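S.K.: Protein sequence lines, in the order shown, are assigned to chains A and B.
Positions in the first sequence are counted from 1; adding 29 to them yields the numbering used here.
Positions in the second sequence are counted from 1; adding 38 to them yields the numbering used here.
Don't take each hint at face value.
[To be verified] Rough simulated footprint, nothing fancy, chain A against chain B, three-plus residues with beta-carbon under 8 angstroms:
id, region
1, 86–99
2, 125–135
3, 145–152
Everything labelled a hint here was simulated from the structure, so no lab data went into it.
Remember, it's a predicted structure, so these values are computed and weren't measured experimentally.
Backbone N, C-alpha and C fix where the C-beta goes; we use that ideal spot for every residue, glycine too.
If you want the building blocks of each chain, they are given just below.
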Amino acid sequence: GENVEQHPSTLSVQEGDSAVIKCTYSDSASNYFPWYKQELGKRPQLIIDIRSNVGEKKDQRIAVTLNKTAKHFSLHITETQPEDSAVYFCAASKGENTGFQKLVFGTGTRLLVSP
Amino acid sequence: NAGVTQTPKFRILKIGQSMTLQCAQDMNHNYMYWYRQDPGMGLKLIYYSVGAGITDKGEVPNGYNVSRSTTEDFPLRLELAAPSQTSVYFCASSYAHRSSNQPQHFGDGTRLSIL
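In isolation and in its complexed conformation, chain A is listed as follows (with noise of 0.2 angstroms):
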């Protein structure tokens, strides 16, 4: 099945700096990689996604890079926030066509922004 590993595990930045986490995927056939944050005590919250057919996409300061070949997949954050401090995970699933998936999660970024 699908083995998802995710680094580094934990990250601390500098307010203004950029971020960058990893994804490596096991099984090739894996088409959706949606990337969640989790505040303490919360929900996860989908803040991208990306599906196999991009090789990138960008929500303001937040982008995200697929590289099929190699099978991973990257976060990027750019002008952190304090408020960016989070628990970050990458996901992965074989989509289907009925918008359907099974997701398998990373184990988890903690992401440190000091002001």
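Could you slot chain B onto chain A? The hints should help.
M.R.: Then chain B, alone, in the frame of chain A:
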């Protein structure tokens, strides 16, 4: 609408007791999922359902049961609770859409301790 609602928010069980974690969504989503999140780890899929009357096992189904008698409700049953089932449980749902992955919407979680 309320989205995905989980009850209870917290519960302490004794070893061997049983309980049902409730999950309801009011978005008319076809797909529903149950995950567990152990400390410092990602989410692991326990069970999922693609529609009323249809359920299937995820990565870690042992010790759990589910049912889906209506589109809105997807309860998770723990029989003979064990300390290894101490975790935070998240319910999620997503919309059925032809040829497009749809994001999963999560509830606030149920924090369960088994002593």
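S.K.: Counting residues of the region 86–99 of chain B whose CB is closer than 8 angstroms to a CB in chain A, do you get three or more?
M.R.: n = 4 at 8 angstroms, threshold three: holds.
S.K.: For the region 125–135 of chain B, do three or more residues have a beta carbon lying closer than 8 angstroms to a beta carbon of chain A?
M.R.: holds (count 5)
S.K.: Are at least 3 residues of the region 145–152 of chain B within less than 8 angstroms of chain A when you compare beta carbons?
M.R.: holds (count 3)
Of the numbered hints listed earlier, not one is contradicted by the structure.
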